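Go by the hints and put chain B onto chain A.
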Amino acid sequence: DAKTTQPPSMDCAEGRAANLPCNHSTISGNEYVYWYRQIHSQGPQYIIHGLKNNETNEMASLIITEDRKSSTLILPHATLRDTAVYYCIVRVETSGSRLTFGEGTQLTVNP
Amino acid sequence: GAVVSQHPSWVICKSGTSVKIECRSLDFQATTMFWYRQFPKQSLMLMATSNEGSKATYEQGVEKDKFLINHASLTLSTLTVTSAHPEDSSFYICSARDPTGIQALHFGNGTRLTVT
Chain A
1 DAKTTQPPSM DCAEGRAANL PCNHSTISGN EYVYWYRQIH SQGPQYIIHG LKNNETNEMA
61 SLIITEDRKS STLILPHATL RDTAVYYCIV RVETSGSRLT FGEGTQLTVN P
Chain B
1 GAVVSQHPSW VICKSGTSVK IECRSLDFQA TTMFWYRQFP KQSLMLMATS NEGSKATYEQ
61 GVEKDKFLIN HASLTLSTLT VTSAHPEDSS FYICSARDPT GIQALHFGNG TRLTVT
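Sequence lines, in order, name chains A and B.
Yeah, the first sequence ends on 111 if you go by the numbering used here, and it's all consecutive.
Yeah, the second sequence ends on 116 if you go by the numbering used here, and it's all consecutive.
These are calculated hints, taken from the structure and not from any lab test.
Treat the numbers as computed from the prediction; the structure is a model and nothing was measured.
Beta carbons are placed, not taken as given, at the ideal position from N, Cα and C, and that holds for glycine.
One thing to keep in mind: the hints can contain errors.
According to the in silico footprint, chain B covers these stretches of chain A (three or more CB under 8 Å from chain B) [unchecked claim]:
#1 41 to 55
#2 102 to 108
Pair ranges (Cβ atoms, derived) [what the hints assert, rightly or not]:
#3 N70(B) x E93(A): 40 to 50 Å
#4 N30(A) x S83(B): 39 to 49 Å
#5 E93(A) x G53(B): 17 to 27 Å
#6 E93(A) x S5(B): 33 to 43 Å
Some chain A residues flagged as far from chain B (calculated, every beta-carbon gap over 12 Å) [stated by the list, open to error]:
#7 C12
#8 P21
#9 S25
#10 R81
Chain A extracted, bound-state conformation (with noise of 0.2 Å):
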């Protein structure tokens, strides 16, 4: 699986958007990215995942650059519940799901 690259903090105001930004620039054709994050002492939560258009749920947008070499998390109002470690993680779909994480971002959302 491609290696990914975040950085380890950001900070967000509550109720403005949190872009986390994600490089993947090894990424292959056949990877997606994928999008977990990890509120304290809990277990991760899916959010989103892609190939190389761009996504929307009720949770999040997925930006992916038209090379896919990185991609952008948005959260268009960030609340404080959203404070929690966010996972970008490349991997083949099928490459029997196993997930690996790197460090991921810490988002803290401040009141």
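Relative to the frame of chain A, chain B by itself:
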């Protein structure tokens, strides 16, 4: 949506004893489940892949005789930490893939193990 239940959520045991952690998929069948371990301020580390009806596959450096995994049904996998020591104190998390869903892995809420 799909739910993975993990039990217990926390456990304290004495050094030398064994502890069993259960992971259940509540509304889907999971032929494969995964066990992770997470130390404070660190990321999740995959320990092993649990396959229903067959032996688990362990990651390099994980002792299979210490961390016993059983996946006897399509909805239940168990991790037993045998002869636990204080260095085994950690946050253990299981996950399972819903084959009918959006190819996402669903995670339990973890088990906090403290060995005294």
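- Of the hints given before, which are not true for this structure? Hints 3, 6 not satisfied by this model.
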